[in-house]
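Number of protein chains: 2
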Amino acid sequence: MKKPYESITNYIYGKNTVFETICQNPKRINKIYFSDGINFDNKLKKINELAQKNSILVQFTNLNKFYKYFSGADKKIIFQGVVASVSPVEYIDFDEFLNKKSNTYRKIVILDGVEDPHNFGAIIRTLAAASFDAVIIPKHRSCPINSTVEKTSCGAVNHICIIKTNSLPSIVDTLKKNNWWIIAADGQSKDNYFDISYKDMNFAIILGAEGEGISKTLLNKADFKIKIPSNFESLNVSAACAIIVYESIRQIHQM
Amino acid sequence: MKKPYESITNYIYGKNTVFETICQNPKRINKIYFSDGINFDNKLKKINELAQKNSILVQFTNLNKFYKYFSGADKKIIFQGVVASVSPVEYIDFDEFLNKKSNTYRKIVILDGVEDPHNFGAIIRTLAAASFDAVIIPKHRSCPINSTVEKTSCGAVNHICIIKTNSLPSIVDTLKKNNWWIIAADGQSKDNYFDISYKDMNFAIILGAEGEGISKTLLNKADFKIKIPSNFESLNVSAACAIIVYESIRQIHQM
Chain A
55 MKKPYESITN YIYGKNTVFE TICQNPKRIN KIYFSDGINF DNKLKKINEL AQKNSILVQF
115 TNLNKFYKYF SGADKKIIFQ GVVASVSPVE YIDFDEFLNK KSNTYRKIVI LDGVEDPHNF
175 GAIIRTLAAA SFDAVIIPKH RSCPINSTVE KTSCGAVNHI CIIKTNSLPS IVDTLKKNNW
235 WIIAADGQSK DNYFDISYKD MNFAIILGAE GEGISKTLLN KADFKIKIPS NFESLNVSAA
295 CAIIVYESIR QIHQM
Chain B
55 MKKPYESITN YIYGKNTVFE TICQNPKRIN KIYFSDGINF DNKLKKINEL AQKNSILVQF
115 TNLNKFYKYF SGADKKIIFQ GVVASVSPVE YIDFDEFLNK KSNTYRKIVI LDGVEDPHNF
175 GAIIRTLAAA SFDAVIIPKH RSCPINSTVE KTSCGAVNHI CIIKTNSLPS IVDTLKKNNW
235 WIIAADGQSK DNYFDISYKD MNFAIILGAE GEGISKTLLN KADFKIKIPS NFESLNVSAA
295 CAIIVYESIR QIHQM
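Residue numbers (this note's numbering), protein chains in the order written: chain A, 55 to 309; chain B, 55 to 309.
Mixed in with the good hints there might be a few duds.
Same chains, same label: a pair holds when it works inside one copy or across any pair of copies.
[Claimed, not checked] Taking lysine-lysine and the BS3-like style, the derived pairs with C-alpha atoms no more than 30 Å apart in a straight line are: (1) Lys279 to Lys253; (2) Lys193 to Lys85; (3) Lys275 to Lys218; (4) Lys193 to Lys81; (5) Lys275 to Lys122; (6) Lys281 to Lys97; (7) Lys244 to Lys275.
Just so you know, these hints were derived from the structure itself, not from any lab.
All values reported here derive from a predicted model rather than from experimental measurement.
Take these sequences, add in the hints, and give me the full structure.
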């Protein structure tokens, strides 16, 4: 039996995830499946209304048959009454992103080797909350945008530019040539994350995989290296991301 | 076949988790199981040395038999060559904690209804990194300290006081009587989390479950209500915890 890999990424579930997707990007949705005999709450009602408005097919069915499309970790999670088949998230072209005119300074995150889908989804959710402009991931050593990422992000994958690249070092070189500042999170650095200024500049924060950290090539290209003070092991990468990203938001708010 | 609930909580796995536990609290460990025919790396070597030093039994075996003790979500995770049978984490008595003399101001987190073990473990890891003094959870509507919590916390459950209570409101009343300040995270508040000062005081940060938030009774007792500005849905509770906790650390560092 052939089971193409895409079948894993082509279903999403959960009220918030489906709602955010149909609001932001209805064209991604091919069909919506509601649980048999379900009582619609407000969010499910809105999903149903938006489905009608966008001429998206709706079917009532037993959702158990969708278990096979989701990874082991997700099987315990209830679908919250709704599953949708979707086209994959579209990646954004880096040059297009870079050359887009913007009246404000832009802020992005670069992930070097973050392969855990829960961390990747949590990071995307935080970046959407903080109105960051994009996240850049390498083609290899990164996590595909599967149903776990879409669910953990609460649908935030539809709110933020996701850029995939063959070469993080050349992306960083291009950013630097275009007057972006490069900030690398590195447990060995002297400066704390709150010792530098994030104001009045385009900047990229690079985060590495837990344990391994950021590759030396990227680390050497950074304008600033920062650490989060810790009296225990290093922090989880999605917690570290939230802390640094929101320090930049605080500084920009408190100008 | 009787399978007592304790059997779920009595095994931990993973190099960092077992290492932190044997360093901080060797008496918790009853026996250590290494994977058959494993090549010891530095961390496993240290665990083995500490086991000898503390007279802890060691056995080499096929670790697959331990799968049944861990929940579905964990089955995909490799044990990293080591599993240990442990006594449960000991809860700390609230009065004992409160009356302990301290030369510095103390900081704690109160969790109102955080039931997801990954979030609970991630929060404990962040609190250990930030040298917080304790986390308080209600007896009902909270997550037991099971193997998922121990693993997600990277063994940080051994580094921080965990206090369980029948009544969060009476704990908060007692803290207030003892001149602690109560800070509640509430999406509806006017103040941002960086608008208040965390310096020169004992304080407790209350965080609620995602969606539901903090109960009204607790919210009404708070001295400060704070929000994290977001242009998307509310943040994940462990991300929110990391952001607020580290804002307090930043302020105390930058005195």
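So, going through the hints one by one against the coordinates:
1. Lys279 to Lys253: Cα proximity of Lys279 and Lys253: in one copy and across copies (16 Å, 27 Å).
2. Lys193 to Lys85: within (29 Å within a copy, 43 Å between copies)
3. Lys275 to Lys218: Classified as within; 19 Å inside a copy, 48 Å across copies.
4. Lys193 to Lys81: within (25 Å within a copy, 46 Å between copies)
5. Lys275 to Lys122: neither (44 Å within a copy, 47 Å between copies)
6. Lys281 to Lys97: Result: close only across copies, 24 Å inter versus 41 Å intra.
7. Lys244 to Lys275: within (17 Å within a copy, 40 Å between copies)
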